[in-house]
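Visitor: Residues per chain are reported as follows:
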Amino acid sequence: MQAYGGGETVNKSARNAVPVQEAALRIGNFEEVAKGFTEELALAEASRCLNCKNAPCMQGCPVGVRIPSFIAALLEGGADKAAGILFADNNLPAVCGRVCPQENQCEKYCVRREKLGGSVAIGALERYVADNAADVRPAVAEKQAAKVAVVGSGPAGLSCAADLARAGIQVTVFEALHKAGGVLVYGIPEFRLPKSVVEKEIDGLRALGVNIECNTVVGKTVLMEELLEEYDAVFVGSGAGLPLFLGIEGETLCGVSSANELLTRVNLMKAYREDAVTPVQRGRNVVVVGAGNVAMDAARTARRLGAEVTLVYRRSRAEMPARAEEIDHAEEEGIKFELLTNPVKIHGDERGFVNGMTCVRMALGEPDASGRRRPVVVEGSEFFLPCDEVVVALGTTPNPLIKDSFPALETTPKGTIVADENGRTPTEGLYAGGDAMTGAATVILAMGAGKRSAGAILDELRRKGKIK
Amino acid sequence: MKKYEILSKRTLAERVNEYVVYAPAVARHARAGQFVILRTDEDGERVPFTVCDYSREEGTVSVLVQEVGYTTMKLAAMNAGDALADFVGPLGNPTDLSAYKRILLVGGGIGGAVIYPQAKQLAAEGKPADVVLGARNVSLAIYTEEFARFADNFYLITDDGSSGKKGFVTDMIEELVKKGEKYDCVFAVGPLPMMKAVCALTARYDIPTVVSMNSLMVDGTGMCGCCRLTVGGKVRYACAHGPEFDGHQVDFDEAIARSRMYREQEQAHICRLTGEVRR
Ligand SMILES: Cc1cc2nc3c(=O)[nH]c(=O)nc-3n(C[C@H](O)[C@H](O)[C@H](O)COP(=O)(O)OP(=O)(O)OC[C@H]3O[C@@H](n4cnc5c(N)ncnc54)[C@H](O)[C@@H]3O)c2cc1C
Ligand SMILES: Cc1cc2nc3c(=O)[nH]c(=O)nc-3n(C[C@H](O)[C@H](O)[C@H](O)COP(=O)(O)OP(=O)(O)OC[C@H]3O[C@@H](n4cnc5c(N)ncnc54)[C@H](O)[C@@H]3O)c2cc1C
Ligand code: FES
Chain A
1 MQAYGGGETV
11 NKSARNAVPV
21 QEAALRIGNF
31 EEVAKGFTEE
41 LALAEASRCL
51 NCKNAPCMQG
61 CPVGVRIPSF
71 IAALLEGGAD
81 KAAGILFADN
91 NLPAVCGRVC
101 PQENQCEKYC
111 VRREKLGGSV
121 AIGALERYVA
131 DNAADVRPAV
141 AEKQAAKVAV
151 VGSGPAGLSC
161 AADLARAGIQ
171 VTVFEALHKA
181 GGVLVYGIPE
191 FRLPKSVVEK
201 EIDGLRALGV
211 NIECNTVVGK
221 TVLMEELLEE
231 YDAVFVGSGA
241 GLPLFLGIEG
251 ETLCGVSSAN
261 ELLTRVNLMK
271 AYREDAVTPV
281 QRGRNVVVVG
291 AGNVAMDAAR
301 TARRLGAEVT
311 LVYRRSRAEM
321 PARAEEIDHA
331 EEEGIKFELL
341 TNPVKIHGDE
351 RGFVNGMTCV
361 RMALGEPDAS
371 GRRRPVVVEG
381 SEFFLPCDEV
391 VVALGTTPNP
401 LIKDSFPALE
411 TTPKGTIVAD
421 ENGRTPTEGL
431 YAGGDAMTGA
441 ATVILAMGAG
451 KRSAGAILDE
461 LRRKGKIK
Chain B
1 MKKYEILSKR
11 TLAERVNEYV
21 VYAPAVARHA
31 RAGQFVILRT
41 DEDGERVPFT
51 VCDYSREEGT
61 VSVLVQEVGY
71 TTMKLAAMNA
81 GDALADFVGP
91 LGNPTDLSAY
101 KRILLVGGGI
111 GGAVIYPQAK
121 QLAAEGKPAD
131 VVLGARNVSL
141 AIYTEEFARF
151 ADNFYLITDD
161 GSSGKKGFVT
171 DMIEELVKKG
181 EKYDCVFAVG
191 PLPMMKAVCA
201 LTARYDIPTV
211 VSMNSLMVDG
221 TGMCGCCRLT
231 VGGKVRYACA
241 HGPEFDGHQV
251 DFDEAIARSR
261 MYREQEQAHI
271 CRLTGEVRR
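Going line by line, the protein sequences match chains A and B.
Residue 1 is where the first sequence starts when you use the working numbering, and the numbers rise one by one after that.
Residue 1 is where the second sequence starts when you use the working numbering, and the numbers rise one by one after that.
Rather than coming from a laboratory, the hints here were simulated on the basis of the structure.
This structure is a prediction, so every number in the text was calculated from the model and none was measured.
One thing to keep in mind: the hints can contain errors.
[Stated by the list, open to error] Straight line, CA to CA, 30 Å or less: simulated DSBU-like cross-link-like pairs of lysine-lysine: (1) A/Lys195 <-> B/Lys196; (2) A/Lys464 <-> B/Lys196; (3) B/Lys196 <-> A/Lys147; (4) B/Lys2 <-> A/Lys345; (5) B/Lys2 <-> A/Lys147; (6) A/Lys143 <-> B/Lys196; (7) A/Lys270 <-> B/Lys196.
[To be verified] Covered stretches of chain A, going by a simulated chain B footprint (3 or more residues, C-beta under 8 Å): (8) 145–154; (9) 173–180; (10) 209–218.
Just so you know, even glycine gets a beta-carbon here, dropped at the ideal spot from N, CA and C.
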């Protein structure tokens, strides 16, 4: 990808690139990498949309945003007009425009993709509209007597709370951490999703009358039974916050951490700032294990903290699950990829600090259940990778804390909550959605799940005569 | 009353203060053995402290804080009427000593804060425990009056002999055992080297021993893995699986190494407050 630093060429046939901060510069700061379209670029890009009748892009959107309509509205009446359409289907457009894997969703189905200069930059347009529109969200309906509790303030919880509040329901969100936003505040870094963008969403929610109680761990501070008793319905959007480790020797050495720990220290606790009180490991040679969004964020964060970073992944580039843009950006930032490589042991010095890692090379064998080719160890390929910090980013699973305190909650062997497509669990009045139900997924899926559950909760409350 | 307001503060020993904090939501389900995580202000670090006492009626939770670094120094400068930015809990699992009949509680230094609620609870259950409290000198010993009241037998031992009895908690435990005291459980809390020494001793005498691990923490709910330690060859999280563990299974050397992980940065933070030159 090319960096645009002013004097961008506006091109009506080829896709317009989003201006980005130069790699050499951005590895020295935590400011947003992608700067977003200017009005000129946004309108030029919008005019590339062919406004297809059958709107193939929409089939790629998990929440069915009316993409050609909002783009047409942008051309006709600017961001404000487009927002009226966009906000109806997406509660978090400023977030989704920045972090959705568009290349696997809407932009994958754009007819311009192959031959007509590349897909329309739908994500960048979504962001432009969200960032530049005046708040035109639907007004709050008449106040109702019904009360709903929402557990967790990630995209699922926020979205569910917003829709319920707009329907006039009294909503209280309970959040374990001291700050609302879920992964959006503790996981995804500032340079990809500025916290001011998330705060704006949360302020908007408060303006709708939603009460957000931070520092409240459901299952500890307040019990699920109490919530079910006190509220007319409960939605659980507690995410999948539990980090997986490799389970290899040396993983408890000093300097080995989960990506969650590194990212929480840096994002939530602002450990990247010189004046921060919370400490963070600042290795010179950091190895990040994994290749998803979380791994990319960890690697790029370590890079910005001053490290040389190597990413170790057991499959090949084609299987890397991160968004394409993040992989490109990571590479531009000088992150080395050791692909088809797997760690087998972490070594430490006499003080218990990590000083290297033994890895083996892998080869791709037959496809496994996920359809990806299964990596197998190449005999005799062991080698030593020196490093002074290891960050494990293998994925996360739901925290068993709620289940442990409320055994009636049905979960799968993987720990995900059992519920139907509208989030209804077998327990009356109890709904769930987002990563807590699906396992680690995406912002848009969590947002959509929160929305569907809000709809199902409203139906139930209406049926029971609890709302008009 | 303000949220998380400090209702009272009293100094229990040199650089050790007890804070009674208004936090009804935490007080409601708090039990002995659990902890809270607090932040002093909007830019503060999340730091864990044991729930020393609570009153469900008054909606208060007490914590005992020893001044050791940046946040605890900031806390020392706070007073009744000030409010903490955050106070979340109760976290971790409550203590369960119900399987034991004759219990020896051992507290070293600030570890007294953790065994105090146990002593109180065991007394209330009608099976008061023996208590050994160790401190560097008598002016650092905490809750001595309370222990004298709630313990079956209370022994205070100091490194410098200023309490009348000189030595380490392990010396006292050994003396008791040799005297023929039969304990079916030792519950030991204090600095890591102390817990390690107690466990080495009780392993020799084959007395089951429970320790409370004060690992470094961030979230306190199992989401970061910062607090992990090895127990019986398995990786456990102090916040979610503990904080109490079978002391004979804990890898203390690893825990000690991990507790020093951020030493340099911590030192720099303290210097920021005191103006001292970084060592
Ligand atoms: C580093 C990182 C980068 C990512 N990058 C992307 C990306 O680029 N694009 C994308 O689409 N997705 C990305 N994801 C995934 C995406 O963020 C998640 O799928 C999404 O946030 C899930 O939303 P959620 O609301 O289900 O849960 P979460 O966002 O996890 O929120 C759950 C909230 O519930 C709280 N909670 C948990 N237990 C309790 C309890 N017992 N009581 C009270 N509160 C509780 C948690 O503290 C948390 O705030 C990324 C994830 C990570 C970790
Ligand atoms: C479950 C749990 C319960 C605890 N209960 C209490 C309590 O009741 N009273 C109390 O005074 N302290 C308690 N602690 C320890 C307390 O959390 C630390 O003293 C505190 O975090 C120090 O913060 P600081 O910023 O002042 O010091 P830092 O500047 O962070 O560190 C200063 C010094 O304190 C040491 N230190 C830091 N964190 C810890 C820790 N978690 N345990 C031991 N030493 C540490 C450092 O290694 C360093 O030498 C508990 C810890 C845990 C995990
Ligand atoms: S403190 Fe984060 S997992 Fe225990």
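Visitor: So, for every hint listed, does it hold in this structure?
Guide: Hints, verified against the model:
1. A/Lys195 <-> B/Lys196: It is violated: about 43 Å lies between the C-alpha atoms, which goes past 30 Å.
2. A/Lys464 <-> B/Lys196: Between A/Lys464 and B/Lys196 the Cα gap is close to 59 Å, so the pair fails against 30 Å, i.e. violated.
3. B/Lys196 <-> A/Lys147: violated, 51 Å
4. B/Lys2 <-> A/Lys345: Violated, because 51 Å separates the two Cα atoms, which is more than 30 Å.
5. B/Lys2 <-> A/Lys147: OK: B/Lys2 and A/Lys147 at ~25 Å, within 30 Å.
6. A/Lys143 <-> B/Lys196: violated, 60 Å
7. A/Lys270 <-> B/Lys196: violated, 34 Å
8. 145–154: It is violated, with 0 qualifying residues against the three required.
9. 173–180: As far as the stretch 173–180 of chain A goes, the hint holds, because 3 residues have Cβ atoms under 8 Å from chain B.
10. 209–218: Answer holds; 4 residues pass the 8 Å Cβ test.
Violated hints, listed in ascending order, are 1, 2, 3, 4, 6, 7 and 8; each of the other numbered hints is respected by the structure.
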